[in-house]
Every structure is written in C-alpha cells, then in structure tokens.
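There are 4 protein chains.
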Amino acid sequence: MALMEISIIPLGTGSTSLGRYVAEVKRYLEERGIPHTLTDMGTIIEGEVEDLFRIARELHEIPFKAGAKRVYTALKIDDRRDKEVHLGTKVESVKRYLSS
Amino acid sequence: MALMEISIIPLGTGSTSLGRYVAEVKRYLEERGIPHTLTDMGTIIEGEVEDLFRIARELHEIPFKAGAKRVYTALKIDDRRDKEVHLGTKVESVKRYLSS
Amino acid sequence: MALMEISIIPLGTGSTSLGRYVAEVKRYLEERGIPHTLTDMGTIIEGEVEDLFRIARELHEIPFKAGAKRVYTALKIDDRRDKEVHLGTKVESVKRYLSS
Amino acid sequence: MALMEISIIPLGTGSTSLGRYVAEVKRYLEERGIPHTLTDMGTIIEGEVEDLFRIARELHEIPFKAGAKRVYTALKIDDRRDKEVHLGTKVESVKRYLSS
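Protein chains in written order, with our numbering: chain G, 467 to 566; chain S, 467 to 566; chain H, 467 to 566; chain V, 467 to 566.
A hint or two may mislead.
Said to hold, decoys possible - Result set (DSS-like, lysine-lysine): computed pairs, CA atoms no more than 25 angstroms apart in a straight line:
no., chain 1, residue 1, chain 2, residue 2
1, G, K492, S, K535
2, V, K561, S, K535
3, V, K531, H, K561
4, G, K535, G, K492
5, S, K492, G, K549
6, G, K492, S, K531
Everything labelled a hint here was simulated from the structure, so no lab data went into it.
Could you build all of it, start to finish, from the sequences and the hints given here?
Dropping the structure here:
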C-alpha cells in the first residue's frame, strides 16, 4: 500500500474557483470505493502503487471533460515497502512522538 | 489569508521514518499558536503570505538542527485575494458542490 | 503532447547523494528513445499523457530495484490541448516575451 | 548554497498562456543578477537558503501586480550542507555516473 496526494488544476478557465473540479474528483473516488481523504490542498488516496498511477491518469482527465483546455496535475507518492501504511497511519505516528 | 502545505524531507539519515521530524514541525507550530492541520502527506498552515514564507524558512531548519546534512523542502501556497480562505474553507466548498 | 517533470527520491538510504538513481532514470529514458531533459531539480519528459503516467510508474520502481525501502516520487504534468507543446517550447515562448 | 525550483501559477486569468508571467520572473532575476536557469517546468535559482525564501516571496507577488486574483506557487528547495552545490552541479554528477 502506498499513499498519493494529487492536485489537479485547470488553467485558463476564467474562474478563480476550483471547487467543482475537486467535487468531481471526490465523486469519482466515492463511486469506486477508493479510500481517500480530502484536504484543503489536495486529495490523498490509498492504494497499491499500480492502481494509484492508473487513478491519477483518470482523474487528470476530469477538467478536460468539463471543458478545460490546459490541466496542470501535481502528485506525490509515498511508497513504503518496509511497513504497511494506510490513510491516517502517519498522522498517528506523529502523535505518538508528541505524547512520548 | 493564504494556505501553505509544506513537506520537509531529510535525506541520507539512514532511516525510512520521518515521524520525529514532523512531530517537531507540529510542536513548533503549536508553541506559537499558528493554525495548522497535519495530513498524511504534509502540514497545512494558515496565515498571511508574508508569515507563511517566514515560517517555511524556519521549519526548513528543523532537520538540520537534528543532524541532517541535506534537506529537501517542498511547499505550495494557495493565495486568494478575491475571498477570505481559512483552514477547512475549501473542503467545505467541495461538500457544498457534492450535496447540491 | 504533454510535459512531465519527475523527481524520484529514495528515503533511508543512508547517503545524501542521489546521483546514481538519477543516472538510472536517464539511462532508462535513453534506451527507449524517450525525449527528455535533465535539470538540477528533476527530469522533464515529453510524451502523450497516457505514456507519461506509464513511464512515471516504471521510473518510480528504479530505486526499489537498487535496494531502497521507501521511495517518494513527485511529478507534475502540464497538459495543453489548445496547442502543441514540446520540450523547449515554453522556454522559447518566454524568450519571445523578453525580447519584445 | 542551495537550489530552489519555483513555479508560479495565476488562476482564473482566462488565458491558458503563462509565458508573460514567467518572463517577468526572469526579468526580476536578471535585473538583480541572481543566478538562475529557466526550464520548461519552472525556474531554478541558486542562492543562500535565506535569500531563496525571500526571493520566492517576492516572485509570488508578480502575478498579483499584473492583476491576478489567485496565485498558486509551488517550490522545492534542495539544501545540502555536506557539499557545495551550484546550478549545473547535479546534472554534471549524473553524467559522471553515466560515463563511468
């Protein structure tokens, strides 16, 4: 399991608001039962690394379907093979450091 | 007000675990009463853009103080001047799209 | 055609040097004739967006094959469908603005 | 010395082209004699880490001065204190691996 954070930004839409694109990203993930968390700066998704790249590629298409002519997608994948990592695991680990 | 997401990664520490560095980032922010949210992929901080860059510069120093020889800091700042934005505002906005 | 910039960072290797991993990324791209440019902060690759995600997924595996236990991959894709974009196109466009 | 890569993206401008903003970034750096390289995906700047954060903060303001209402700035800083690093150093290091 790995974690991916993805931000998908349509350019040249003439609107400073991106909420409706993020909503479609969330809808896509919910419909497929893909574990994820929305943050104020992106969407964090949990999955096998193989699946994460495939999902990223599909999410990247969302603003084009809605009419965008240029899309800027940024993602980072944290893939750890010495340990199981899930959504919430890292935040929990930090809390343990803080309370010890 | 703007939002910044920051990830601070020490390189060459010989450990795959970064939790203790993130804990120090969180401690720094708590001690100063700076509004923030920890996610599995970074720390999101709310503040005036002037302050955000200054905070980033100080957080970047944390792993060096703990002995790291190379630090890789990635951040993104989302600065909107047509509207007040706070921690949680964007996630709320997406939920409104989804329920409408 | 789109452009992707990718940085692949192995964590916990005990060395502050990443040059040998970047060299393997470059070797991979050269052997397959994939257009790319190496910069001091990442590798920029030109291709169809479909191919870029597939290449990213394969490059991400390189440090694991070399023994890394945790890999942090960051990428951004700039995909423009109103205009052909190739390696060098954007730098050229900026130079035109500067000389005009 | 450290290296910073920065990308400054105005949102909601109604144009898919960003060349003129990047041109102003380059002009800013040239006028002050700050060492930098333009790539197709960002601008790489060399400097003391203290200066890099200050420069980032000033560059971030450029699209607002040109009328943008929302700016998204992404940067990464690679700061190595076990070794002198300049523009070009890392690309050179990779070439040595490839020719050995």
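Hints versus structure:
1. K492/G to K535/S: Distance of about 39 angstroms is beyond 25 angstroms: violated.
2. K561/V to K535/S: Measuring from Cα to Cα gives roughly 23 angstroms; hence the hint holds.
3. K531/V to K561/H: Status holds; Cα separation ~21 angstroms.
4. K535/G to K492/G: holds (21 angstroms)
5. K492/S to K549/G: holds (23 angstroms)
6. K492/G to K531/S: Roughly 39 angstroms separates the two Cα atoms, so the pair is violated.
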